[in-house]
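Whenever a hint applies, use it, and build me the whole structure from the sequences.
With this note's numbering, letter number 117 in the sequence shown gets 133, and the count goes up by one each step, no holes.
The hints are simulated quantities; they were obtained by calculation from the structure and are not laboratory data.
Backbone N, C-alpha and C define an ideal beta-carbon position, used for all residues, glycine too.
Where hints are given, some of them may not hold.
Across the chosen pairs, the derived CB separations fall in these ranges [to be verified]:
#	residue 1	residue 2	range
1	E30	N89	32 to 40 Å
2	V90	T112	36 to 44 Å
3	D128	T65	23 to 31 Å
4	A45	R86	33 to 41 Å
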Amino acid sequence: MSEDRYNQPLGGNEMPRFAGPTTMMRLPAQDSAAGLDVAFVGVPFDIGTSNRPGARLAPRQIRNESCLLRPYNVATFAAPFDSLQVADIGDVAINTFNLSASIGIIEQFYDDLLSHDCKPLTMGGDHTVVLPI
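Now the structure itself:
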């Protein structure tokens, strides 16, 4: 696959960093993992914690801050977007009132994602999310 066919983050010269899409690193959004090598996934989930909730807010905040990231590493010259098809596939739609139902929803979401031979990069969630993932 040629380099120009891979998704690239929206650059600051194309759109100011404080504007534009609120996806991870301002990458394109997709509804599924079909055709992707790597997918950013948000799990806005913290109903498994009994103290210090707030992990449910992490996916949105990580995406907001990621607009400052560059598409390559200036020290190593690594440019992952030149060799991998990457997109943000949004958040898992959990049940905010039912822990066991949410675990099932997350597990089903990741089963579907992994059926596309795609590697997930998960943002957010309390420690419970490792069980269904």
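Q) Broken hints, numbered, in rising order? A) 1 and 4
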